[in-house]
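Q: Note that the protein sequences, when read in sequence, are chains A and B. Every letter in the first sequence is one number past the one before it in the numbering used here, and letter 106, counting from 1, is 241. Every letter in the second sequence is one number past the one before it in the numbering used here, and letter 104, counting from 1, is 552.
These aren't lab readings, by the way, just hints derived from the structure by calculation. Predicted, not measured: the structure shown is a model, and the values here were computed from it. We put the CB at the ideal spot given by N, CA and C, even for glycine. Be aware that one or more of the hints could be misleading.
Claimed, not checked - Cβ-Cβ distance ranges computed for the label pairs, FRET-style: (1) B:T468 <-> A:E150: 42 to 50 angstroms; (2) B:S528 <-> A:K204: 25 to 33 angstroms; (3) A:K204 <-> B:P487: 25 to 33 angstroms; (4) A:G157 <-> B:N510: 42 to 50 angstroms; (5) B:E507 <-> A:I195: 36 to 44 angstroms; (6) B:Q465 <-> A:A152: 30 to 38 angstroms; (7) A:G197 <-> B:S528: 27 to 35 angstroms; (8) A:H145 <-> B:N476: 38 to 46 angstroms; (9) B:Q470 <-> A:K193: 21 to 29 angstroms; (10) A:Q217 <-> B:E558: 21 to 29 angstroms; (11) B:Q465 <-> A:I195: 39 to 47 angstroms; (12) A:H142 <-> B:P523: 14 to 22 angstroms; (13) A:Q180 <-> B:P487: 41 to 49 angstroms; (14) A:Q217 <-> B:W561: 24 to 32 angstroms.
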Amino acid sequence: AQSVSQHNHHVILSEAASLELGCNYSYGGTVNLFWYVQYPGQHLQLLLKYFSGDPLVKGIKGFEAEFIKSKFSFNLRKPSVQWSDTAEYFCAVRDDYKLSFGAGTTVTVRA
Amino acid sequence: NAGVTQTPKFQVLKTGQSMTLQCAQDMNHEYMSWYRQDPGMGLRLIHYSVGAGITDQGEVPNGYNVSRSTTEDFPLRLLSAAPSQTSVYFCASSPALPNTHSGNTIYFGEGSWLTVV
């Protein structure tokens, strides 16, 4: 099964700062890649996904992610964060029947 | 369209008790799965099913049973609850297998908070 690594456990930012969260998975082949967000007390919501085509994927709420196949990476970015982006972010890789998640990154945005 | 529905949302069990977490989806999805979420560990796959009558183990299956008698329902049974099973449980479903042209997204339920004392 895939192993998914998220580089940061907790990121603290000020509003309007740029955000980048790293995600690497363990092996290649055809994979589907996802970023999910979980706001406090809520369930997972899909931010964006990559299946094929343009490696730069745009999602909801101004987020984007870039798939770099040679680096097995799928990093999430947002140019200017807001207080409402405070949440936990999960990278996920779907390989065969299984969706494997990273440990998550808690993002705290200070007003 | 209700999507993926999990019940109960909150449950407290005593060690050794058994219970079933219910999951139902009304989207005619073939693929269903159960995850548990623990701090610092992300979500880990417990069991999954690729269609009615077919189930398989995920990453952390011990202490849990599943069955898939219908397309809509995928209950998760805790046979003899242990404090280590205190967690948040998420059910998920998807309309097709991965790597298809449509590349279908997995939809999650709202979670079930389980405490075993």
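Q: For every hint, state whether the structure bears it out.
A: Here is how each hint holds up against the structure:
no.	hint	result
1	B:T468 <-> A:E150: 42 to 50 angstroms	44 angstroms, holds
2	B:S528 <-> A:K204: 25 to 33 angstroms	45 angstroms, violated
3	A:K204 <-> B:P487: 25 to 33 angstroms	32 angstroms, holds
4	A:G157 <-> B:N510: 42 to 50 angstroms	32 angstroms, violated
5	B:E507 <-> A:I195: 36 to 44 angstroms	28 angstroms, violated
6	B:Q465 <-> A:A152: 30 to 38 angstroms	48 angstroms, violated
7	A:G197 <-> B:S528: 27 to 35 angstroms	47 angstroms, violated
8	A:H145 <-> B:N476: 38 to 46 angstroms	40 angstroms, holds
9	B:Q470 <-> A:K193: 21 to 29 angstroms	36 angstroms, violated
10	A:Q217 <-> B:E558: 21 to 29 angstroms	24 angstroms, holds
11	B:Q465 <-> A:I195: 39 to 47 angstroms	40 angstroms, holds
12	A:H142 <-> B:P523: 14 to 22 angstroms	37 angstroms, violated
13	A:Q180 <-> B:P487: 41 to 49 angstroms	19 angstroms, violated
14	A:Q217 <-> B:W561: 24 to 32 angstroms	28 angstroms, holds
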